[in-house]
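Take the sequence shown: its letter number 167 is residue 167 in the numbering used here, and every next letter is one higher.
Check each hint, because a few of them may be wrong.
[As the list claims (entries may be wrong)] Under the rule of at most 30 Å between Cα atoms (straight-line distance), these lysine-lysine pairs were calculated in the DSS-like manner:
| # | residue 1 | residue 2 |
| --- | --- | --- |
| 1 | K322 | K4 |
| 2 | K261 | K243 |
| 3 | K167 | K261 |
| 4 | K173 | K264 |
Everything labelled a hint here was simulated from the structure, so no lab data went into it.
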Amino acid sequence: HTLKAHLAPFLAPHRIRALHPERNGSRLGVYIEFRQHINQAQLAALNCQPYLGRYPYLGRFRVSVDDAQPNNPWTAGKPCPRVTGPGKWCRGENIRGHGAWWAACGFRHEIRSTWPDVAEGYRFERVKGDEAKYDELAQEVQCDVGHVLSVSRVVNENLEAAYEARKAFLEAKYAGGGKVLEKELWHGVTGDDLHTVLLHGVRCPADYNASAECPVSGHVAGGSQTSLCNKHCEFCTEQHVHKDGCHMYGMGIYLSDWAAKAAKGGSQATAHLVRYRVCMGSPFKIAGNLVDNTALRDATSCIDPTPHLDWVDPASEWDAVKGHDSYFVQGLGGYLKEGHGVEHNEYVIFHPYQLLPLYVVDYVACDDSP
1 HTLKAHLAPF LAPHRIRALH PERNGSRLGV YIEFRQHINQ AQLAALNCQP YLGRYPYLGR
61 FRVSVDDAQP NNPWTAGKPC PRVTGPGKWC RGENIRGHGA WWAACGFRHE IRSTWPDVAE
121 GYRFERVKGD EAKYDELAQE VQCDVGHVLS VSRVVNENLE AAYEARKAFL EAKYAGGGKV
181 LEKELWHGVT GDDLHTVLLH GVRCPADYNA SAECPVSGHV AGGSQTSLCN KHCEFCTEQH
241 VHKDGCHMYG MGIYLSDWAA KAAKGGSQAT AHLVRYRVCM GSPFKIAGNL VDNTALRDAT
301 SCIDPTPHLD WVDPASEWDA VKGHDSYFVQ GLGGYLKEGH GVEHNEYVIF HPYQLLPLYV
361 VDYVACDDSP
């Protein structure tokens with residue numbers, strides 16, 4: 001309500017239906033849905049008028065107004081500048097706008113396998129049984145998940161370069177405020193998806209389901225996993241409906257510090273766990289239950305969750321200036337309200353290049369594993 005009142009004089013006489021704040025690094029923005037359509041002349045007029053904010057710092061920055069409609073005819077068919085630029089990624093690559101319309105992107109997104117910078121692929125380096133890293137990883141998996149068959153080191157120079165570039169961006173964002181946080185975490189992967197994940201990186205979830213007719217995503221159709229295709233797929237078009245607690249903390253990538261929590265298992269004889277180096281940036285700690293467990297499900301970035309929590313750690317204050325780059329969702333144990341929190345720790349990342357695959361552990365699940 002404060003933001004709406006703040007922007008209303010600048011946008012007058014156009015009436016606002018809804019606002020969706022957006023942050024990209026230290027750049028602040030907001031997606032605005034008007035009650036009536038505006039034409040090109042009206043849009044140009046908004047770009048020409050001065051913006052006099054209620055707060056002194058706002059008057060020192062230039063404000064630009066862009067056409068953000070999901071099916072913008074001006075951008076249709078043109079390569080996405082976020083993908084062709086230094087970031088090489090756009091969250092809108094697999095968002096059709098079913099839920100978060102403001103996250104959809106009107107530009108064209110190429111299929112990842114056609115990108116020239118991933119053509120070299122990746123390679124495995126076997127980790128021997130007498131190495132300390134083998135012992136560390138194998139013990140975690142064998143204690144809670146199953147019998148370890150092998151541990152392999154993953155070398156993907158393209159993903160490593162993308163990870164370091166993203167890390168450097170976050171370090172620049174917090175210049176003078178200390179280093180960004182990095183952790184090693186687990187992520188479970190099915191055998192069908194292992195190659196794609198190690199070649200291109202993990203993808204954030206799509207807002208549409210996989211179609212059984214799709215040659216790319218058909219093998220995951222019918223489950224809770226969303227489509228593996230980008231938004232241009234002619235088969236995967238049906239809106240994804242959240243169920244069974246999926247994506248409770250947004251449309252991000254979920255990892256765990258406990259191997260059993262991350263393990264997916266499956267019907268195949270051999271299952272896989274991937275150990276990632278994760279650049280958390282400045283994570284925000286969620287230490288309470290969600291009052292409404294659907295409140296964050298459509299979030300495509302790390303937004304302020306505090307209005308939706310039944311308790312906020314006094315030491316965890318949302319940074320309204322620079323925001324945060326990930327969630328650390330603390331396991332609540334006996335304080336857990338079923339369906340409104342998690343029993344064990346989870347970590348939620350909203351950018352694929354904040355993850356770098358380090359090791360793959362192949363294992364056979366035990367019958368009595370969690």
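Outcome of the hint check:
The straight-line distance between the Cα atoms of K322 and K4 is roughly 20 Å, inside the 30 Å bound, and the hint therefore holds. Under the criterion of a C-alpha separation no larger than 30 Å, the hint pairing K261 with K243 is consistent with the structure, at around 19 Å. For the proposed pair K167 and K261, the alpha carbon gap of about 26 Å is at most 30 Å, so the pair holds. Of the supplied pair hints, the one linking K173 and K264 is violated, its CA atoms being roughly 35 Å apart against a limit of 30 Å.
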